[in-house]
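Engineer: Sequence:
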Amino acid sequence: MLPRFLPLVALLVAALLPQRSPADWDYRTVEGAGGVPLNVVTAGDTASPPILLIHGFGQSHYSFVHQLNSDLAEDNYLVTFDLRGHGASGKPWAAEDYTEHTVWAEDVAAVVSATGIERPVVVAWSYGTMIAMDYIREHGIGGIAGIIFTGGQGGLMPLRMPGTEDPDMAELGEIRVLQQSRDLADNIRAGERVIDLLTASPLPERERELFRSLGLMVPSYVRRAMVNRSLDNQDLVERLTLPVLFALGAEDNPFQLEDAAELAASRGNVSLTVYEGAGHSVFLEQPQRFNDQLRRFAEQIRSTAVP
Numbered sequence: 001m002l003p004r005f006l007p008l009v010a011l012l013v014a015a016l017l018p019q020r021s022p023a024d025w026d027y028r029t030v031e032g033a034g035g036v037p038l039n040v041v042t043a044g045d046t047a048s049p050p051i052l053l054i055h056g057f058g059q060s061h062y063s064f065v066h067q068l069n070s071d072l073a074e075d076n077y078l079v080t081f082d083l084r085g086h087g088a089s090g091k092p093w094a095a096e097d098y099t100e101h102t103v104w105a106e107d108v109a110a111v112v113s114a115t116g117i118e119r120p121v122v123v124a125w126s127y128g129t130m131i132a133m134d135y136i137r138e139h140g141i142g143g144i145a146g147i148i149f150t151g152g153q154g155g156l157m158p159l160r161m162p163g164t165e166d167p168d169m170a171e172l173g174e175i176r177v178l179q180q181s182r183d184l185a186d187n188i189r190a191g192e193r194v195i196d197l198l199t200a201s202p203l204p205e206r207e208r209e210l211f212r213s214l215g216l217m218v219p220s221y222v223r224r225a226m227v228n229r230s231l232d233n234q235d236l237v238e239r240l241t242l243p244v245l246f247a248l249g250a251e252d253n254p255f256q257l258e259d260a261a262e263l264a265a266s267r268g269n270v271s272l273t274v275y276e277g278a279g280h281s282v283f284l285e286q287p288q289r290f291n292d293q294l295r296r297f298a299e300q301i302r303s304t305a306v307p
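Note that this note's numbering has the sequence shown beginning at 1, numbered continuously upward.
Source of the hints: derived by calculation from the structure; they are not laboratory data.
Misleading hints may appear alongside valid ones.
What the hints assert, rightly or not - Restraint ranges, calculated between C-beta atoms of paired labels, are given here: (1) A109 / V227: 20 to 26 Å; (2) E96 / G142: 35 to 41 Å; (3) D235 / T46: 32 to 38 Å; (4) R189 / R239: 39 to 45 Å; (5) L197 / E96: 24 to 30 Å; (6) A185 / T304: 25 to 31 Å.
From a predicted model like this one, the values you see are computed outputs, not experimental measurements.
From the three backbone atoms N, C-alpha and C, an ideal C-beta is built for every residue, glycine too.
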């Protein structure tokens, strides 16, 4: 049943985004944990070095449109997918389909296996940083070459957030209530408001409309389950010995920046880059700079890899 919905998504994107694609996108359906169908999207030559992109809460693989449609796909094999409950992937209704870290780990493992990628560089955004760590908790770091955390810290440090005296945090609190409401009208209002929290400056209207629509493809029961699970991975810090880069926006959570800087100062394999003028989505706000940094990060890892 799932593949029949893919043309509808493609039509929506065709109407909202410029038609510039140096690499063709290929779609497939992969069976994730518990038989959940996952919508997987790839760009580039399968023989090229792999990069796995994991999106965040309430979005989809289209979060990475400026990577998939860039020259990164000319010499890398880009792989991404819609998380369970999101986009064109399956949306099981039981809470345990989202609250157990093992289901997320096995979803990632299924995508890796089905696409045949070996030791990819992983780019994980926001809630996707938690899912990357779910995979590492279950499978270790042997199958990953390196990882970029952006818009999140993977639960490697205690989560600290500004208080409700911060206007953005007060707004986020109200949005979270609306997102989890069983009233679809509340969900729609949340979708209108949350877009402004993704970036430091407003997105073009075409992209705003796209991301609003994608957000509404995530049912409220999925959202309720996803926020009611353990997001603490501090016990995995010592196991994270591969190259790690935090690529964070200067206008995002200031505590996150402080914690990432502290971790980078204490561990030789961890580095931090701050994107001035960017917020929660640096790869979307400053795509050329991010793509260049991603390319350098991946090339450096490959150049120093032991044969």
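Engineer: Hints first: check each against the structure and report whether it holds.
Structural biologist: Right, here's what the structure says about each hint:
no.	hint	result
1	A109 / V227: 20 to 26 Å	holds, 24 Å
2	E96 / G142: 35 to 41 Å	violated, 28 Å
3	D235 / T46: 32 to 38 Å	holds, 36 Å
4	R189 / R239: 39 to 45 Å	holds, 42 Å
5	L197 / E96: 24 to 30 Å	holds, 29 Å
6	A185 / T304: 25 to 31 Å	violated, 54 Å
Going through the hint list in order, the structure does not satisfy hints 2 and 6.
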